[in-house]
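Asks: The primary structure of each chain is shown beneath.
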Amino acid sequence: MIEVHELTKRYGDTLAVDRLSFQVPQGVVTGFLGPNGAGKSTTMRMMLDLDRPTSGSVTIDGKHYEQLQEPLKHIGALLEAKAVHPGRSAYNHLLWLAQSNRIPAGRVDEVLGAVGLREVARRRSGGFSLGMGQRLGIAAALLGDPSVLLFDEPVNGLDPEGILWIRNLMKSLAEQGRTVFVSSHLMSEMAVTADHLVVIGQGRLLANLSMNDFIDQNSHSFVRVRSPEPEALLDALAGAGMEAAPVTDSAHAGAYEVRDGDPALIGDLARERGLALHELSPQRASLEEAFMRMTADSVVYRTGDDPAPEAPGAVPVPEGWGAGWKKES
Amino acid sequence: MADTGAVLLSEWTKVRTVRSTVITLLITFVVTVGLGVGICAITNAQWHSMSVSDRATFDATSTSFSGIQLGQLSLIVFAVLVVGNEYSTGMIRASLAAVPRRRTLLLSKAVVTLALVLPVALVTSFVSFFLGQALLGSHGTSIGAPNVLRAVLAMAVYMTLLALLSLGVSFMLRKPVASLGLLMPFFFLISPILAHVPKVKTVAQYFPDNAGTQMVRVVAQSNPPFGPLEGFFICLVWVAACLIGGYLLLRYRDA
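Here the protein sequences come in this chain order: A and B. If you count the first sequence from 1, position 38 lands on 38 in the working numbering, and the numbers rise without skipping. If you count the second sequence from 1, position 195 lands on 524 in the working numbering, and the numbers rise without skipping.
So that you can see chain B by itself, here it is in the shape it has in the complex:
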């Protein structure tokens, strides 16, 4: 379509000209790296008290990514605000009057989000990895070890997919309070808790954050439900479902 480039530029200007973009993405980086590094340092110090089975399945790579548990909240805030800010201010009506094609508007927002989050996620995952390994000392791994580079890249991909998923949810729920009220407890509390409840566990394994956890593993757990590649596809399905849901509601609901 002829005007997609124009809409992309316009969406880039929107994201570029609000402070929340820099703030939320910076917090994502700092928290993810900082917490990951801290957990690596503690793990190294407590190594002697770990059980034999824990040591056997110890995954130095994914341990350095532990900070994402908290860091992802800020990333969710970023993606939710990309859409939610427009609904909370009423600006969405100006956007839709300027760009009446809903699909073009949604895809442009998704592309701009992807283009901004992916580099930040790559920096975050590589810095988390290298700092984390340095602090794990003799228990760390190296980027050249089998599957490690793949896991580091998968971490960046997971973060990007999480942002896109949040974008889709925000298009569905519109108000930032509603989107954050759903996504933050889901990723921070509900999903991790359900993952430890018997029976529900088998369903919770397919939640996006657990699928993401599998994506970044190098050493398989004792009994993994699925591998990293399947984890990627499960995340992709979640993202697609949320974006399509967002599109359909944007298309057929009054603005």
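Pulled out of the complex, with its shape left as it was, chain A reads as follows:
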């Protein structure tokens, strides 16, 4: 169990993490979601006492990190791939980690087997691929058999096989009753792994809810319609009490969306009025879109502080998606 309480981190004028409070429950995979530059990595580094919070605190199983006697036995973390001396073998890298926390050396072989690196354990880790480096980082996190695990963007740069492996690993770790906290900037990735979601944008908490609730609240259904006589169709729809809005996505320009519409009803209506339909398709808003909407809102909310918002009414560009990646690395 991780408890984050009013956590704040300020770098000069920038507020990287802004009074963040949430709990990471035990026994499930909790996704930590936010656009690049939202403060995910900073928050995770503060959880490990690597960065000092400006204010607020984090406790792991009720204790502050520096109070943990042998921290690797409580919490294991994968922060960045290949944070290993290139000249040192995978075995020796895990060996020094194990020794620092009095973990028996036999455990090194166990975790090397668990991540599938036993054959290359004695080779210089400098020659490892990104995927192998990621596996080594996971082996290091598992070394102390900890009850809490942190993974920062674990699937970044992995091939599909590696991604599948990490997904299953996280699920099985949670099934064993561990706390699994995994950050990502990809909603689609979280949708298949996480049971619980903590969403942040611009360092602020945007949502803290179960994955099912998130899907219920955000993934509404709609019907996309297209007609050569859009005005007549819109009239007919309005007459039947259905709201239609133009599609914002340029790939479907000219079409309209009827929120929570029934395709059968719309089709019948068009036939009655003698209107041609070129498209009539039931759709579900993707979670990715819901997530983008959520974080875009946070950006809009934030820009309210700025003196001159440009072009009111324009589609809000979630700046974190494009600009933020530079900051985070």
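Among the clues, some could well be false.
Claimed, not checked - Partial list, computed: chain A residues near chain B (C-beta under 7 angstroms): (1) E3; (2) V28; (3) L48; (4) D51; (5) A77; (6) A83; (7) N92; (8) Q99; (9) R102; (10) G106; (11) M211; (12) N212; (13) N218.
What the hints contain is simulated information worked out from the structure, not anything from laboratory work. For each residue, glycine too, the CB sits at the ideal point set by N, CA and C.
Let chain A serve as the given structure and place chain B on it in line with the hints.
Replies: Frame of chain A; chain B shown alone:
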């Protein structure tokens, strides 16, 4: 503290399992001995052309240690990499997550560095001395002569202190390029040059390398600023300042 032993073992494993340790320490030995021996041979051959005052203050012991001028660069590289490698790879975050107590981590690194450098330094200084004296021939001295053994041991102590000083600087500057960019020119160029500039000279005398030079002298210079023991304490102050500075930055700065 209960876990200091565990952290020491872990730091020893880190140092033991990278090639740069053996390479840099071996180069330190070879260069220091080789250059010292060469200078002794040349001195012996040129003895007749030396001035009377040079002959009067000739120090056979410290002459055999001349190679350290160059050899110390490799020793600095060794100590800088002990810390700097972790920062350049990002491994420092794994180290601090495993050992959140900054003081324990820094002291363990310092103890491991000391335990590794001291024996290498002792071998280097004794071999430099005996080979150097052999090549100085009739102008050499013997280990039994007054203050000579002390000077040979002081040489090893100076090398160890230099490594610890570099370790502290590396904790402050983190990236190896920054630490080496400061330490190598300082010890190889800046300090020796400043030591010959009037006025600045009086300050430069208290730089660690000049203090070290005094530590290993047997025959006093014509007008020494301080003696060997004072030299030792000056070096010690430099080391303490660098390690404390390194600790404070490690303690309060984000990793």
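Asks: For each hint, tell me whether it holds in the structure or not.
Replies: Each hint tested on the structure:
Nearest Cβ of chain B to the Cβ of E3 (chain A): about 18 angstroms, over the 7 angstroms cut. The hint is violated. Among the interface hints, the one on V28 (chain A) is violated; its C-beta lies about 23 angstroms from the nearest C-beta in chain B, farther than the 7 angstroms criterion. The beta carbon of L48 (chain A) comes within 5 angstroms of a beta carbon in chain B, closer than 7 angstroms, and the hint placing it at the interface holds. Nearest Cβ of chain B to the Cβ of D51 (chain A): about 4 angstroms, under the 7 angstroms cut. The hint holds.
With 7 angstroms as the threshold, the beta carbon of A77 (chain A) comes within range of chain B, its nearest partner Cβ sitting at about 6 angstroms, so the hint holds. About 4 angstroms separates the beta-carbon of A83 (chain A) from the nearest beta-carbon of chain B, less than 7 angstroms, and the hint is met. A hinted interface residue such as N92 (chain A) counts as satisfied when its beta carbon comes closer than 7 angstroms to some beta carbon of chain B; here the least separation is about 4 angstroms, so the hint holds. Given the 7 angstroms rule on beta carbons, the hint for Q99 (chain A) holds: about 4 angstroms separates it from the nearest Cβ of chain B.
A cut of 7 angstroms between beta carbons decides the hint on R102 (chain A): the least distance to chain B is about 5 angstroms, and the hint holds. The restraint placing G106 (chain A) at the interface with chain B is violated, with a minimum CB-CB distance near 15 angstroms, outside the 7 angstroms limit. The interface hint given for M211 (chain A) is broken, as the beta carbon of that residue sits about 28 angstroms from the closest beta carbon of chain B, more than 7 angstroms. A distance limit of 7 angstroms between C-beta atoms decides the matter here; for N212 (chain A) the minimum to chain B is near 33 angstroms, and the interface restraint is violated.
At its closest, the beta carbon of N218 (chain A) sits 34 angstroms from a beta carbon of chain B; the interface hint therefore is violated under the 7 angstroms criterion.
The structure does not agree with the numbered hints 1, 2, 10, 11, 12 and 13 stated previously, though it agrees with the rest.
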